[in-house]
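Heads up: the protein sequence lines correspond to chains W and E, in order.
Each residue of the first sequence is one higher than the one before, counting from 100 in the working numbering.
Each residue of the second sequence is one higher than the one before, counting from 100 in the working numbering.
To be clear, the hints were calculated from the coordinates, so they are not data collected in a lab.
Each hint should be verified, as a subset may be incorrect.
The list treats identical chains as interchangeable, and a pair is accepted whether it falls inside one copy or across any two copies.
Result set (PhoX-like, lysine-lysine): computed pairs, CA atoms no more than 20 Å apart in a straight line [claimed, not checked]:
#1 K364 - K307
#2 K187 - K206
#3 K235 - K284
#4 K356 - K307
#5 K202 - K235
There are 2 protein chains.
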Amino acid sequence: MIIVGERINSTRKTITRAMQEHDSEFILNEAQRQWDAGATYLDVNTAMMRSEESQTMTWVVELIQAEIPEALIAIDSANPAAIEAGFKVHKGRALLNSINMEKDRIKSVVPLIREFRPRVVALTIDDSGVTQEEEKRFELGVRLIELLMDNDVERDDIFIDPLIFPVSAELQAGNVSLNIMGRLKEAYSDVHMICGLSNISFGLPERKLINQVYMVMAMGRGLDGAIIDPLDRRLMANITTARTLLGQDKACRGFLKTYRSGGLKLEPNPAGV
Amino acid sequence: MIIVGERINSTRKTITRAMQEHDSEFILNEAQRQWDAGATYLDVNTAMMRSEESQTMTWVVELIQAEIPEALIAIDSANPAAIEAGFKVHKGRALLNSINMEKDRIKSVVPLIREFRPRVVALTIDDSGVTQEEEKRFELGVRLIELLMDNDVERDDIFIDPLIFPVSAELQAGNVSLNIMGRLKEAYSDVHMICGLSNISFGLPERKLINQVYMVMAMGRGLDGAIIDPLDRRLMANITTARTLLGQDKACRGFLKTYRSGGLKLEPNPAGV
Numbered sequence: 100m101i102i103v104g105e106r107i108n109s110t111r112k113t114i115t116r117a118m119q120e121h122d123s124e125f126i127l128n129e130a131q132r133q134w135d136a137g138a139t140y141l142d143v144n145t146a147m148m149r150s151e152e153s154q155t156m157t158w159v160v161e162l163i164q165a166e167i168p169e170a171l172i173a174i175d176s177a178n179p180a181a182i183e184a185g186f187k188v189h190k191g192r193a194l195l196n197s198i199n200m201e202k203d204r205i206k207s208v209v210p211l212i213r214e215f216r217p218r219v220v221a222l223t224i225d226d227s228g229v230t231q232e233e234e235k236r237f238e239l240g241v242r243l244i245e246l247l248m249d250n251d252v253e254r255d256d257i258f259i260d261p262l263i264f265p266v267s268a269e270l271q272a273g274n275v276s277l278n279i280m281g282r283l284k285e286a287y288s289d290v291h292m293i294c295g296l297s298n299i300s301f302g303l304p305e306r307k308l309i310n311q312v313y314m315v316m317a318m319g320r321g322l323d324g325a326i327i328d329p330l331d332r333r334l335m336a337n338i339t340t341a342r343t344l345l346g347q348d349k350a351c352r353g354f355l356k357t358y359r360s361g362g363l364k365l366e367p368n369p370a371g372v
Numbered sequence: 100m101i102i103v104g105e106r107i108n109s110t111r112k113t114i115t116r117a118m119q120e121h122d123s124e125f126i127l128n129e130a131q132r133q134w135d136a137g138a139t140y141l142d143v144n145t146a147m148m149r150s151e152e153s154q155t156m157t158w159v160v161e162l163i164q165a166e167i168p169e170a171l172i173a174i175d176s177a178n179p180a181a182i183e184a185g186f187k188v189h190k191g192r193a194l195l196n197s198i199n200m201e202k203d204r205i206k207s208v209v210p211l212i213r214e215f216r217p218r219v220v221a222l223t224i225d226d227s228g229v230t231q232e233e234e235k236r237f238e239l240g241v242r243l244i245e246l247l248m249d250n251d252v253e254r255d256d257i258f259i260d261p262l263i264f265p266v267s268a269e270l271q272a273g274n275v276s277l278n279i280m281g282r283l284k285e286a287y288s289d290v291h292m293i294c295g296l297s298n299i300s301f302g303l304p305e306r307k308l309i310n311q312v313y314m315v316m317a318m319g320r321g322l323d324g325a326i327i328d329p330l331d332r333r334l335m336a337n338i339t340t341a342r343t344l345l346g347q348d349k350a351c352r353g354f355l356k357t358y359r360s361g362g363l364k365l366e367p368n369p370a371g372v
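So that you can see chain W by itself, here it is in the shape it has in the complex (with noise of 0.2 Å):
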């Protein structure tokens, strides 16, 4: 299971102010908190910077390298040049988040996939935007895999994120999601399934709840990677328990020394969940 520690991004408002007035403190707390929670990667989204993204990117990635040297960091832009100055500085193999089937992104970044040789999350949106339905989007994530892998890119250096919509919209949201899931990871066992699932909770109320219950659904169906808070516990410790329960935990060591820990020991949030 790879997690991508979510926080690190310029759409939250106390983090565009830490990247702009280069509040270091603030930005390695986020990192290493997320870190010590077990994330695999640190996403870094750096957007809202605009013309200031590819520097922006360029000092956090180097920030929080040089301070948790063993991290590794999600470049988090649709700009190729914040993609270019964070590939650039980061040392070990990064993660871009993303690519998809849009023709001037792949134009611009699968020159950059080719030179500096990422692991890569692949969206399952074109030209024509995104889609409710199940068979275009399961047919954009063959056609970003083939793509990938023409460019030399290992399947198990791929992962699809099949995107996620609100429930509350479609009832037949979270269906379709795991279907597109189920069905990549069968056609392709190697390549990973992700995605950013807090969409799925989108106008209910108790959000951290549905969030908790769907993701441990997905991971029911293939999915192998998360872009989320490793900082919510239970999210965490649903993922652990998920983990095991898929036979992925031999001997269930991995539960057991989450749990001396201390990591399954849940204290309710403010909000009961």
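Place chain E on chain W using the hints.
Same frame as chain W, but now just chain E:
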């Protein structure tokens, strides 16, 4: 989703005592709380009463239905005389818990099914005993469905229990039961899948957490019945949430109703789960 409340079970010492002493207040309290928590059926297991099983079954079924006239009972016994005693006094359609493919069980129970027309839980066991093997249990599921249909039980009245084994003893135990459910549900979409899931967590700490997570995963693979303790509020909240995420809750009405009635406000239990 069909919830069978498991608490009135003579393997619990407090229940055996109440049955022996005809402590109707104790039994009715267990019945009422489970009913109020959303049980569809109240399981009544009298096995530990041995020679007194039949008269105990009669007493408990009549006791509960006198107090809660709309309550339906799951007659939980391996003793044909006790099963018949329960059916004879039960008002409405009972649930039989359970039949399996053992020759003697078929011989003694099928005539009772034909006479009293209950809904039926069917366990994937035969005279060779229980098996960990997926293929064997899948085939037993198919044979049970065919046996019951041959005896005029409608598909919607059949609940296959694929059996659950502890993941602490067998790494693939969780996966195997998920696969059996998924395959049977694919072959017979109108037949229900049910299980008593607490066996999955045997031998591990934080059993409630494990059961709560496995429940959600199993629902994602077609489980639509569960023999559980409906007083476990998080388990029930997970079920409500999972139904919504699986497109079984139009306009999220069930979810929002449970939310408004406070059913999603979860207190930690003493173990922190």
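For each hint, the structure was consulted:
| no. | hint | verdict |
| --- | --- | --- |
| 1 | K364 - K307 | both (17 Å within a copy, 12 Å between copies) |
| 2 | K187 - K206 | within (19 Å within a copy, 75 Å between copies) |
| 3 | K235 - K284 | within (16 Å within a copy, 26 Å between copies) |
| 4 | K356 - K307 | between (25 Å within a copy, 18 Å between copies) |
| 5 | K202 - K235 | within (17 Å within a copy, 50 Å between copies) |
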